[in-house]
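Keeping the supplied structure of chain V fixed, place chain Z upon it in accordance with the hints.
Those sequence lines, one after another, are chains V and Z. Numbered per our numbering, the first sequence finishes at 172, counting up by one with no gaps. Numbered per our numbering, the second sequence finishes at 172, counting up by one with no gaps.
Think of the hints as simulated: they come from the structure by calculation, not from any bench. Among the clues, some could well be false.
For identical chains, the list gives no copy identity; a pair is met inside one copy or between any two copies.
Only pairs whose alpha carbons sit at most 27 Å apart, straight line, appear in this in silico DSSO-like list of lysine-lysine [said to hold, decoys possible]:
#1 K100 to K147
#2 K16 to K100
#3 K147 to K31
#4 K100 to K146
#5 K147 to K129
#6 K129 to K43
#7 K16 to K43
There are 2 protein chains.
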Amino acid sequence: MSRLIDIAVNPKLDLVLERYVDVPREKVWAAWTTPEQIKQWFTPAPWTTTFCELDLRPGGRFHTVMRSPDGQEFNNVGCYLEVAENERLIWTDVLKPGYRPGDGPPADGCCGFMTAIIQLEAHGKGTKYTAIALHRDEDSRKKHEDMGFEEGWGTCLDQMVAMIKRGS
Amino acid sequence: MSRLIDIAVNPKLDLVLERYVDVPREKVWAAWTTPEQIKQWFTPAPWTTTFCELDLRPGGRFHTVMRSPDGQEFNNVGCYLEVAENERLIWTDVLKPGYRPGDGPPADGCCGFMTAIIQLEAHGKGTKYTAIALHRDEDSRKKHEDMGFEEGWGTCLDQMVAMIKRGS
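Looking at chain V on its own, in the form it has when it is part of the complex:
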């Protein structure tokens, strides 16, 4: 009944970051699912993550606040869709927590526009790490690309791997 579906990626609509990292996937999973860890790596420096609250189950809240170098704060509230330990984490900002429909595509493209998927596969002693952002149309993908998806998500992953290696 609840077997996982294949995620259908469409290169015209979606963005994908695929990397091999030399830390075990259990630690990558912990980095994605522990608020105190998320705060350490989730935002590309000099931005910071000042708040993180999560309710790690389908329908649960994924809430972060990011602060820009000049002190502006950005609230991000999403809803988890799948929580498959050490394998796959899916959430969307199109739904609010509890599966309530969100406010629809915003003018500034900042949130309410994507479903994010993190897939982890063991690879030797390390991890094949795949991050996917699904969008509704080419325009949303383009905006996300222009916001710096590849560099942003890549930098955050570097920060995460460094955190894991520090052992904190």
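Leaving out everything else, chain Z in the frame of chain V:
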């Protein structure tokens, strides 16, 4: 990890139909999850359901086509979010199958606007049946109410119970 969250109903935003029906919940579950059965009860007569295809798992497709008495067809495509056999079925038309964000709130309010939850509880030999529609705002709730949520969903439930009692 994957325990069910409580659904937070807000009377200002949501619509709820609660009824006791004298058929067992396993049969109500089958009526909601079998295309050949859905076609028999899903649309208030004289409307008909001419097509039903479903992939019954989180992220899977819930697709129906309804035909009006004068032959107009309406396509409804949603995405399942939770499939808890005999207990709870949740889907939304805010996401397309595979969790892809949909097109946002449409001008006609016809789809892309709600998350639906069917909850079944055993009650003697029958079933306590709760159908909930979650909306993003009061306007969406009002539109859905004006479209005839209570009567429409109630009539469909009567049709479903009649179908189950016929044993088809």
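Hint check, failures only: 3, 5 and 7
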